[in-house]
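Asker: All chains should be built: construct the whole structure from the sequences, respecting the hints.
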Amino acid sequence: MAGFRHRAPSVDISMVAYPSVTLLVDLSEGEGIVYETHGRHERGSVVVGLLPGDLRATGRGAGQCLQIRLEPVVAAALFGASTELSGTVVALEDVWGRDAGRAEDGLRAAASWDERFTIAVDILGRRLGAHPPVDPQVAHAWRRTLTSRGQVRVDDLADEVGWSRKRLWSRFRSQLGITPKRAARLVRFDHAAHLLAAGHAAARVASESGYVDQSHLHREVTAFAGLTPTALAVAPWLAVDDIAWPASSPTRCPAKDGERVPDLR
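The numbering of the sequence shown is our numbering, which starts it at 19 and goes up by one.
Hints were generated in silico from the structure; no laboratory data involved. Don't take each hint at face value.
What the hints assert, rightly or not - Label pairs and their in silico Cβ distance ranges:
#1 Thr248 / Arg183: 30 to 38 angstroms
#2 Gln169 / Asp117: 50 to 58 angstroms
#3 Arg185 / His149: 35 to 43 angstroms
#4 Asp117 / Glu54: 20 to 28 angstroms
#5 Gly143 / Arg167: 24 to 32 angstroms
#6 Gly115 / Thr76: 40 to 48 angstroms
#7 Pro150 / Lys199: 22 to 30 angstroms
#8 Arg116 / Lys199: 35 to 43 angstroms
#9 Ala127 / His149: 24 to 32 angstroms
C-beta: ideal position from N, C-alpha, C; glycine also.
Answerer: What follows is the structure, encoded as structure tokens:
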């Protein structure tokens, strides 16, 4: 989890694809933030599925939001079949009904970010049993994809869980909303994107991330972000990652009253 403020008269930022389902709870008092992808617009609190593509956040006036990155395995237990979320952005109210408004009200009224994080943990914990969990084999395949940085073969994953390639492909897609191969590409892209943002040369990034060559890296970056590697390296959404998700505390931003909360400018 991380808390964000936008203080400028307006915010207009492109969000880079990330290997998680993202819950964005709008805590603004005014018009709120508008999210757009593939011509679809949603205002306020939203759930962003895997691979939204060209996702842009815009808004007027100062505001705040709570962003929660959810492992797809966890998101499936919170929101149900992830196939309905894949590649798009959905209003939280459409997923949680009236509970969405109650969650927003409780988080907005909290006196500090620490209190908001605690409330959010409680809300998510109470909803974890709302839907059946994914198969253990699917969960294992996802986490192996993540830890290998997208460089594990689908055939090897199938062997590890004792399934045929076809069965793994089908169950993985139906439960997580993405094929195993596409998941590997997304995870590999994310690793490359952060290496580029850290200032590494594209040729080195291509080699370390498992791409055939620099041209292959260029094609994948364009496919996932609509940007060149050079433009991706300075993407503002990536620039706040080290602040919002510090390596010493990967599950949340340690922001208390008076402490720094990442600003969207």
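Asker: If a hint holds in the structure, say so; if it doesn't, say that too.
Answerer: Right, here's what the structure says about each hint:
Thr248 and Arg183 have their C-beta atoms about 37 angstroms apart, which keeps the hinted 30 to 38 angstroms range intact. For Gln169 and Asp117, the Cβ-Cβ distance of about 39 angstroms falls outside the hinted range of 50 to 58 angstroms, so the restraint is violated. A C-beta distance of roughly 21 angstroms is found between Arg185 and His149, which places it outside the suggested range of 35 to 43 angstroms. Checked against the hint of 20 to 28 angstroms, the pair Asp117 and Glu54 passes, with Cβ atoms roughly 25 angstroms apart.
Separated by about 29 angstroms at the C-beta atoms, Gly143 and Arg167 satisfy the suggested range of 24 to 32 angstroms. Checked against the hint of 40 to 48 angstroms, the C-beta distance between Gly115 and Thr76 comes to roughly 26 angstroms, which is inconsistent with it. Roughly 25 angstroms separates the CB atoms of Pro150 and Lys199, a value that falls within the hinted 22 to 30 angstroms. A hinted range of 35 to 43 angstroms holds for the C-beta pair Arg116 and Lys199, which are about 39 angstroms apart.
Distance hint check: the CB atoms of Ala127 and His149 are about 28 angstroms apart, consistent with the given range 24 to 32 angstroms.
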